[in-house]
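**Student:** Sequence positions in the sequence shown follow my numbering and run 1047 to 1367.
Keep in mind that a hint or two might mislead.
Using 16 angstroms as the maximum straight-line C-alpha spacing, the simulated EDC-like pairs for lysine to aspartate or glutamate come out as follows [unchecked claim]:
1. K1283 / D1199
2. K1284 / E1203
3. K1283 / D1259
4. K1270 / E1366
5. K1090 / E1051
6. K1107 / D1354
7. K1273 / D1260
Simulated from the structure, these hints should not be mistaken for lab results.
Just so it is clear, the structure is predicted and the values come from calculations on it, not from any experiment.
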Amino acid sequence: MQSVERLQRTFIQSLEASMGEPEWSRQPDRLYAPQRYILAMGGKRLRPVLALMGAEAVGAKAEVALPAAHAVERFHNFSLIHDDIMDAAPLRRGHATVHERWGVNTAILSGDALFALAFKALEAAPKSALPELYRVFTQTAMEVCEGQQWDMDFEHEDRVEEGAYLRMIQYKTSVLLGCALQMGVLSGGGSAEVAQALYSFGLELGTSFQIHDDLLDAFGDPAKTGKQAGGDLIQGKKTMLWIELGRRSPEHLNEAMALSGSERVDVLTEALETTGVRAYVESRRKEHFDRALVALGRAGDLGAATPDLRELAEWLFSRES
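Input sequences plus hints: build the corresponding full structure.
**Tutor:** Put into structure tokens, the structure is as follows:
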């Protein structure tokens, strides 16, 4: 993971330097302070790192993709500000959420401005790549919003099909990973074919990543995940685990819904094991991971350097948090 750590440092140094630019000290400060706040919270910086890795995969310097990296990171954090409002979440990465600290109205407006600044970041990208970068980024931004709406719609639906769930997580989460890689390749002067192959890699890897999150929520060690054990199960969130259990054994689901808190989690996790749902969902996670590796192999056949991306994928697949 040395390449990932190196590129994390490259991006963080660029991010810190950018905070001294005039666009972050404009007035009114209450509009920009929340943006500086959430961008400084940290995290894995997975999306900007993928953009930089995309450039390096086609033989370019990582720095050429920094505008794309800033664009996807700003967009991601814009979506977090708004998601936290929709979820009424009090904390983000152990800190008060933007709307808790500055109020809902300022959080909405600050998120909107961060969305605009995501597109502004691309002004510094290589001019020859700009039309395609804007097309890819705009399409992805629309899809992420569509995914979020589907996620909210599912809260009011009694039954959700697995295909609809997969479409939702791909739009809400996976497309931005694919977009980051695709924009990195385009920024580095790579071919459209390599860009598409790495987009597919990111899409399938992101899908496997989100299914893994569902499994960790139910079966992960809270000391490692940093989350409440079975939080999604308590809320009745329609993950793939929930959907498949309802298909195989609705009586277990109905029994659990009559309970609450840890009792619900205990009944559901036992049912997920005994009915084979956990094993099935694990197999689906592996299926999407394997598809990611096939796409990565296709990029390699087209001349892209892929070992660092494969190492990252394998680390994400085996993570415990």
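**Student:** Each of the hints needs a verdict: does it hold here or not?
**Tutor:** Quick rundown of the hints versus the structure:
1. K1283 / D1199: holds (11 angstroms)
2. K1284 / E1203: With Cα atoms ~9 angstroms apart, K1284 and E1203 stay inside 16 angstroms; holds.
3. K1283 / D1259: With a Cα-Cα distance of about 13 angstroms, the restraint between K1283 and D1259 holds, given a limit of 16 angstroms.
4. K1270 / E1366: Measuring from Cα to Cα gives roughly 7 angstroms; hence the hint holds.
5. K1090 / E1051: holds (10 angstroms)
6. K1107 / D1354: Judged against 16 angstroms, a Cα distance of about 15 angstroms means the pair holds.
7. K1273 / D1260: holds (12 angstroms)
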